[in-house]
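Just so you know, the protein sequences line up as chains U and H, in that order.
Numbering-wise (my numbering), the first sequence opens with residue 1 and increments by one.
Numbering-wise (my numbering), the second sequence opens with residue 1 and increments by one.
Derived from the structure by calculation, the hints contain no laboratory data.
Just so we're clear, the structure is a prediction, and the values are computed from it rather than from any experiment.
Cβ coordinates follow ideal geometry from the N, Cα and C atoms, glycine included.
Some hints could be false.
Okay, the calculated beta carbon distance ranges per label pair [unchecked claim]: (1) U:Ala6 x H:Pro31: 22 to 30 Å; (2) U:Gln120 x H:Leu65: 32 to 40 Å; (3) U:His214 x H:Phe32: 27 to 35 Å; (4) U:Arg135 x H:Glu163: 57 to 65 Å; (5) H:Leu165 x U:Gly105: 30 to 38 Å; (6) U:Gln120 x H:Val205: 48 to 56 Å; (7) H:Pro31 x U:Gly27: 38 to 46 Å; (8) H:Ala80 x U:Arg171: 21 to 29 Å; (9) H:Leu165 x U:Arg135: 29 to 37 Å.
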Amino acid sequence: MVELNAVVALLGRFPALTGLDLRIEAGETVLLQGPNGAGKTTLLRLCAGLLAPQSGSVTVLGHDLTLGPERRAVRRRVGLLGHSTGLYEDLTVAENVRFWARAAGLDAEPSVERVVGALQRLGLDDGLLDLPVHRLSAGQRRRTSLAALVVRRPQLWLLDEPHAGLDQAGRNVVDTLIGDAVAAGGTVVVSSHELERVRSLSPRVVTLAGGTVHRDTGA
Amino acid sequence: MSRFLADARLVAAKDLRIEARSRVVLNQVAPFALLVLVLFGFALDADQRTLRTFAPGLFWVAVLLCALLAIQRSVSVEQADGALTGLRLSGMSPAALFVGKAAAVFVQLVVLEVLLTAGIIVLYGSQIEQPLLVAATGLLAAVAVACTGTLYGALASGLGVRETLLPILLLPVLAPVLIGATRAFDDALGNAAVDGWAWLGLLAVFAVVATAGGALAHGTLVEE
């Protein structure tokens, strides 16, 4: 599913990953932890095909991500929730969710039921469907961003601080979502500082430090 | 090919929907365009004969200034909350993204050109003697400006100083469009004895090169 060998990746001119080795099997849930600057976000962006490794090998869902076309090919099969929401302020919640589903290669526009279903799974009210994103709270934006991923049904979920900016109910919803994704056969990699919360979701914790794996409970 | 066209249409429709909602072109760029025409009138002492003589040049300078605003808006929409990263993650072809973005700017430019045409008729007393030449010039120049602007917008946004750098990068490159379109309008408005259709050839070549070059280069700019 995901295999990284001796990966070195640069952030600008600085090495963010320094010879990282990691293997994640299909259907696994992996928690990434580590201090700021440990390389968690860079690792997620690398697995999403947004970055090219400086050296080493990266294989995700069978794609060799050292090759440009392969990086582009894997993106439609991966769902990355980053620090920004990627939503368009002047479009409504439904329009944003539909746009990102179509952009990710869904052949048909997702039905209203599917969009509503995704929003309801994220604990968002139907009444928000036709509301422009600029009228949403930060937590509602985060949930809408997650709903756009839910509609796409990616095979590999890469979640960077998914609980950030959410209230308690929202955090519970995210936990349920992660559980559902794994139950549906997906693989989930979560970067979080909320150790206790995420540990309950995953028996495997990978600790990064200085751009490499410091400790792996699944190794 | 159908995937390419579907993606390009999706991006263009999204940008136009955002514009329809935010009304930046309607409420800000369009009044700015008319203001430019009025200010040119003040600068030239409101002498209608002089204004008629210079109307083609003033028209296209106003179009280019408005194009800068429309292109900056097109770029900022993708920068606001990481949407460009989302587009990269979608696996969409960068060429399709380019065509979609350029198409949306093209539509906005055509609307502005129609408005400015009405403006030079009303404010400067210009008369259109060759409507077909005006339409062809407007469309080809809009393609050239939209494609070049979208490409340079991506370049400038990557450098992180887009608001100030874009005009400096873009306007010199668009000088041939300004010259060609002004000469063609000189003929179409009956201002000068030039062959406007010949200048249209220059615009056509520029438009083709800008479209092809933009579609090829956009991927590198977006990825880097």
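Numbers of the earlier hints that this structure fails to satisfy, in rising order: 1, 2, 3, 4, 7
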